[in-house]
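**Student:** Chain by chain, the residues:
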Amino acid sequence: MIPHINVHAILQQSVHGFYADLVTRPTGRAVRENIERDLPAGTIAVMDFTGVGCLDYSCADEIVAKLVRDKVRVLLLRGLTEAHREAIEPVLAGAGLAVLCERDDGALEGLGASEPAPALLDELVERRLAARNPGGTIRLTAA
Amino acid sequence: MTRLVEVPTSFDDRSFDQFAGAYAQAADGERLLFDAHAAEWASPYGLVGLLAAGEAAGRKGERPLLTAPANPEVVSYWARAGFFREAGDLFEVHGKVPKLKPAVESEVLLPVTPVRAAEDVHAVVSTIQQRASAILSSELGLDPKATMGFAMALSESCQNIVEHAGTGGWVAVQAYNWRRKLARRVVVIAVADAGIGFRHSLEPTQAKRFGERWGDAAALEAALIQGVSRFRDPGRGQGLAGIRRYLARWEGKVAIRSGTARIAIVPGWDDDVPLKDGLPAFPGSQVLLIIPEQASEKGPSKK
Numbered sequence: 001m002i003p004h005i006n007v008h009a010i011l012q013q014s015v016h017g018f019y020a021d022l023v024t025r026p027t028g029r030a031v032r033e034n035i036e037r038d039l040p041a042g043t044i045a046v047m048d049f050t051g052v053g054c055l056d057y058s059c060a061d062e063i064v065a066k067l068v069r070d071k072v073r074v075l076l077l078r079g080l081t082e083a084h085r086e087a088i089e090p091v092l093a094g095a096g097l098a099v100l101c102e103r104d105d106g107a108l109e110g111l112g113a114s115e116p117a118p119a120l121l122d123e124l125v126e127r128r129l130a131a132r133n134p135g136g137t138i139r140l141t142a143a
Numbered sequence: 001m002t003r004l005v006e007v008p009t010s011f012d013d014r015s016f017d018q019f020a021g022a023y024a025q026a027a028d029g030e031r032l033l034f035d036a037h038a039a040e041w042a043s044p045y046g047l048v049g050l051l052a053a054g055e056a057a058g059r060k061g062e063r064p065l066l067t068a069p070a071n072p073e074v075v076s077y078w079a080r081a082g083f084f085r086e087a088g089d090l091f092e093v094h095g096k097v098p099k100l101k102p103a104v105e106s107e108v109l110l111p112v113t114p115v116r117a118a119e120d121v122h123a124v125v126s127t128i129q130q131r132a133s134a135i136l137s138s139e140l141g142l143d144p145k146a147t148m149g150f151a152m153a154l155s156e157s158c159q160n161i162v163e164h165a166g167t168g169g170w171v172a173v174q175a176y177n178w179r180r181k182l183a184r185r186v187v188v189i190a191v192a193d194a195g196i197g198f199r200h201s202l203e204p205t206q207a208k209r210f211g212e213r214w215g216d217a218a219a220l221e222a223a224l225i226q227g228v229s230r231f232r233d234p235g236r237g238q239g240l241a242g243i244r245r246y247l248a249r250w251e252g253k254v255a256i257r258s259g260t261a262r263i264a265i266v267p268g269w270d271d272d273v274p275l276k277d278g279l280p281a282f283p284g285s286q287v288l289l290i291i292p293e294q295a296s297e298k299g300p301s302k303k
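Each protein sequence line maps, in turn, to chains A and B.
The numbering used here puts the first residue of the first sequence at 1, with every later residue one more than the last.
The numbering used here puts the first residue of the second sequence at 1, with every later residue one more than the last.
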């Protein structure tokens, strides 16, 4: 079973007041530390951004890049808006890191640096967590 | 002894150096009188810059004096822009100041707002998303998706204060017709603090690399062009780089003044210079972001 991280819910637990935006380093740090608490190192995890408003570069780095760099083996993002992608992509690319993200049609694709992304897809397929479809796209089999 | 610091009649980023020059002549311990009685107009940059000057002057000596604009329309506008709500804590204000609440009107997207901690940045981002979305898309012709990028740029600008200034600061966002250069509507984000400035913030990690070139201009260049940060954490320095990307996409402008230097990423519609050094010293950092109405085939809207 792939651990499922509901980012919006964790944001509500991590900061005082009702905020839908993932902005500022301290907020990002608090959210990441809450995520890390229940996440075994080297795991494959799904992170759902549904309900998250603005995501700034600082939070993209503090949460997504640091989890990829230090904690998880494969991070799969879903529920991303175009604006979320615009914040995450350059932060990951600049650090030579990549995640997978699930498009609205269910297909998986790499986000961030182009080099590590194919290996992430291959790993999901090898572990039978994802499968290649006749059309060439890769989708999760479970999660 | 009280020293007079004249507030320019038209107070914006262009006339700021004249203001900073008068401010820089003050000696420690002198009481300052900021004279805005003749002011006819102030941009958000001027308003937050004046607050930064007031805070810095109060730290160096007696609480400074401020003469409010004599023109009732001007003083009313400053009040609606939220200036006097903050100025009351910093200055001994003289003149007739209307007791108005900061406005919720089309021009003032975000009244002058203090930024001291991460919670303030959250509040600013939340407010601007509610207020700015319609203006950015309907008046500036930006893609509605650009609103989120605008909030990101605002967030990163404000975080500069929280993380680097060592003190609080202020932010203001306004939309107005910019006749000076464009004859188009623009949205302006202005952020100012009277903190330690870029040079002191970056000095421990960057001064050695620059050697004799090290100074305010080199520090600004390192931060804005090279994306360096005072933190050794590999992911730092993303904020200003992100702001640059956002502004490049929408033909926007960013200018940062700190200490005795000012750096700008200048779009085609402007004739500002990329880097100025040897300016009158002014404490902290002052950031200006301008996003213009997008030119369409029909030309600019007539709002």
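Hints were generated in silico from the structure; no laboratory data involved.
Glycine included, each C-beta is placed from N, C-alpha and C at the ideal position.
One or more hints might be untrue.
Simulated DEER-style distance windows between Cβ atoms [to be verified]:
#1 A/Arg73 / B/Ser10: 29 to 37 Å
#2 B/Gly88 / A/Asp104: 45 to 53 Å
#3 A/Arg37 / B/Glu40: 54 to 62 Å
#4 A/Arg103 / B/Glu107: 33 to 41 Å
#5 A/Asp38 / B/Trp269: 27 to 35 Å
Not close to chain B: a few residues of chain A, all C-beta gaps over 12 Å, as computed [claimed, not checked]:
#6 Ile2
#7 Val15
#8 Val46
#9 Gly51
#10 Ala60
#11 Val64
#12 Asp105
#13 Glu109
#14 Ser114
#15 Glu115
#16 Val125
#17 Arg128
#18 Ile138
Here's a subset of chain A near chain B, in silico, CB distances under 8 Å, partners left out [stated by the list, open to error]:
#19 Tyr19
#20 Thr24
#21 Thr27
#22 Asp56
#23 Tyr57
#24 Lys66
#25 Leu67
#26 Gly79
#27 Ala83
#28 Ala87
#29 Val91
#30 Ala95
**Student:** Each of the hints needs a verdict: does it hold here or not?
**Tutor:** Do the hints match the structure? See the list:
Between A/Arg73 and B/Ser10 the beta carbon distance is about 59 Å. The supplied range of 29 to 37 Å is therefore violated. A C-beta distance of roughly 51 Å is found between B/Gly88 and A/Asp104, which places it inside the suggested range of 45 to 53 Å. Between A/Arg37 and B/Glu40 the beta carbons are some 57 Å apart, a value that agrees with the proposed interval 54 to 62 Å. With their beta carbons about 40 Å apart, A/Arg103 and B/Glu107 fall inside the hinted range of 33 to 41 Å.
Our hint of 27 to 35 Å for A/Asp38 and B/Trp269 is violated, since their Cβ atoms are close to 51 Å apart. For A/Ile2, the shortest C-beta to C-beta distance to chain B comes to about 25 Å, beyond the 12 Å cut-off, and the non-interface label holds. With a minimum CB-CB distance of about 7 Å to chain B, A/Val15 fails to clear the 12 Å threshold, and the non-interface call is violated. Here A/Val46 stays apart from chain B, with its beta-carbon at least about 22 Å from theirs, past the 12 Å limit.
Distance check for A/Gly51 against chain B: the nearest CB is about 14 Å away, which clears 12 Å, and the non-interface claim stands. With a cut of 12 Å on Cβ distances, A/Ala60 falls inside the contact zone with chain B, its closest approach being about 7 Å. With a least beta-carbon separation of about 10 Å from chain B, A/Val64 fails to lie farther than 12 Å from that chain, contradicting its non-interface assignment. In this structure A/Asp105 is separated from chain B by more than 12 Å, as the shortest Cβ-Cβ distance comes to about 20 Å.
Its beta-carbon lying about 19 Å from the closest one in chain B, A/Glu109 satisfies the requirement of being farther than 12 Å from that chain. Residue placement check: A/Ser114 keeps its beta carbon more than 12 Å from all beta carbons of chain B (closest about 18 Å). The non-interface label for A/Glu115 is consistent with chain B: the shortest C-beta to C-beta separation is roughly 17 Å, beyond 12 Å. Against the 12 Å criterion, A/Val125 stays outside the reach of chain B, whose nearest CB is about 29 Å from its own CB.
The beta carbon of A/Arg128 sits about 33 Å from the closest Cβ of chain B, which is more than 12 Å, so the claim that it is off the interface holds. With a cut of 12 Å on Cβ distances, A/Ile138 stays outside the contact zone with chain B, its closest approach being about 27 Å. At about 5 Å, the closest approach between the beta carbon of A/Tyr19 and any beta carbon in chain B falls short of 8 Å, and the interface hint on this residue holds. Taking 8 Å as the C-beta contact cut-off toward chain B, the hint placing A/Thr24 at the interface holds, the least distance being around 4 Å.
At about 6 Å, the closest approach between the beta carbon of A/Thr27 and any beta carbon in chain B falls short of 8 Å, and the interface hint on this residue holds. With 8 Å as the threshold, the beta carbon of A/Asp56 comes within range of chain B, its nearest partner Cβ sitting at about 4 Å, so the hint holds. Given hint, A/Tyr57 at the interface with chain B, holds; its Cβ is 4 Å from that chain's nearest Cβ, closer than 8 Å. A cut of 8 Å between beta carbons decides the hint on A/Lys66: the least distance to chain B is about 7 Å, and the hint holds.
This hint is violated: A/Leu67 has a C-beta 11 Å from the nearest C-beta of chain B, more than the 8 Å allowed. Nearest Cβ of chain B to the Cβ of A/Gly79: about 15 Å, over the 8 Å cut. The hint is violated. A distance limit of 8 Å between C-beta atoms decides the matter here; for A/Ala83 the minimum to chain B is near 3 Å, and the interface restraint holds. Here the hint on A/Ala87 is kept, as its CB sits about 6 Å from the closest CB of chain B, short of 8 Å.
The interface hint given for A/Val91 holds, since its Cβ lies 6 Å from the closest Cβ of chain B, which is under the 8 Å cut-off. About 6 Å separates the beta-carbon of A/Ala95 from the nearest beta-carbon of chain B, less than 8 Å, and the hint is met.
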